[in-house]
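Chemist: 86 is the number that numbering that gives the first Met the number 0 gives to position 87 of the sequence shown; each next residue is one higher, with no gaps.
Each hint should be verified, as a subset may be incorrect.
[What the hints assert, rightly or not] Listed next, with one range per pair, are the computed distances between beta-carbon atoms: (1) W40 <-> R112: 29 to 39 Å; (2) N139 <-> S75: 25 to 35 Å; (3) N139 <-> I51: 26 to 36 Å; (4) R112 <-> G140: 17 to 27 Å; (5) L87 <-> T12: 14 to 24 Å; (6) K46 <-> S75: 31 to 41 Å; (7) G41 <-> E128: 20 to 30 Å; (8) P11 <-> A80: 36 to 46 Å; (9) I15 <-> R54: 31 to 41 Å; (10) T12 <-> G77: 36 to 46 Å; (11) I15 <-> G59: 30 to 40 Å; (12) C25 <-> S61: 16 to 26 Å; (13) I15 <-> S76: 29 to 39 Å; (14) N139 <-> E29: 18 to 28 Å.
For the record, the hints were derived by calculation from the structure and aren't laboratory data.
Fair warning: this is a prediction, and the values are worked out from it, not measured in the lab.
Glycine included, each C-beta is placed from N, C-alpha and C at the ideal position.
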Amino acid sequence: MRTQASDFEMMPTKIILRGRKVVGGCAEGEAIVTQDTISGWGGINEKDGTVIERRHELRGRSFKDKVLVFPGAKGSSGWSAYFHMARLNGVAPRAMIFNKMTTKVALGAVVTRAPAMTDLEQDPLLVIETGDWVKVDADNGVVEILKRRREGAG
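Start from the sequences, fold in the hints, and give me the full structure.
Modeler: Shown next, in the form of structure tokens:
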């Protein structure tokens with residue numbers, strides 16, 4: 000059977016990035032991406048996994064069962080406590096990818112117990128978009144991105 004050009008247009012684009020493990024494990028899910036840092040204390044609702052911080056681009060959106068892609072943490076050391084409570088309440092992200100390593104985000108990732116990575120070879124905030132399917136294999140230092148088909152594409 001001969002493959003036609005139109006067959007390739009229907010295949011999703013796959014991008015592979017390598018980076019550094021923060022928390023081991025492997026998980027995948029739909030990405031939720033923000034260019035804004037996230038405040039744990041007063042910035043998220045640990046009962047339903049939504050961002051509640053005023054003027055945050057994700058305000059009112061949930062990271063529950065998503066791959067959270069963000070620049071990093073801001074605010075106090077309460078960040079880890081709120082993300083820990085989100086995990087206990089079953090509303091934590093499946094995985095985390097972030098740019099700036101700090102003690103806040105490192106401890107938050109550990110208590111969330113979700114695979115987490117940083118120091119990717121390309122800026123994940125420029126490569127990954129909300130709605131893309133992302134697999135985080137932190138044990139092997141690999142992030143696989145299946146680009147969501149955009150309206151009007153193809």
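Chemist: Next step is simple, just say for each hint if it's right about the structure.
Modeler: Quick rundown of the hints versus the structure:
{"no.": "1", "hint": "W40 <-> R112: 29 to 39 Å", "verdict": "violated, 20 Å"}
{"no.": "2", "hint": "N139 <-> S75: 25 to 35 Å", "verdict": "holds, 33 Å"}
{"no.": "3", "hint": "N139 <-> I51: 26 to 36 Å", "verdict": "holds, 35 Å"}
{"no.": "4", "hint": "R112 <-> G140: 17 to 27 Å", "verdict": "holds, 19 Å"}
{"no.": "5", "hint": "L87 <-> T12: 14 to 24 Å", "verdict": "violated, 37 Å"}
{"no.": "6", "hint": "K46 <-> S75: 31 to 41 Å", "verdict": "violated, 19 Å"}
{"no.": "7", "hint": "G41 <-> E128: 20 to 30 Å", "verdict": "holds, 27 Å"}
{"no.": "8", "hint": "P11 <-> A80: 36 to 46 Å", "verdict": "holds, 38 Å"}
{"no.": "9", "hint": "I15 <-> R54: 31 to 41 Å", "verdict": "holds, 34 Å"}
{"no.": "10", "hint": "T12 <-> G77: 36 to 46 Å", "verdict": "holds, 39 Å"}
{"no.": "11", "hint": "I15 <-> G59: 30 to 40 Å", "verdict": "holds, 32 Å"}
{"no.": "12", "hint": "C25 <-> S61: 16 to 26 Å", "verdict": "holds, 22 Å"}
{"no.": "13", "hint": "I15 <-> S76: 29 to 39 Å", "verdict": "holds, 34 Å"}
{"no.": "14", "hint": "N139 <-> E29: 18 to 28 Å", "verdict": "holds, 21 Å"}
In terms of the numbered hints stated before, the structure departs from hints 1, 5, 6, listed from lowest to highest.
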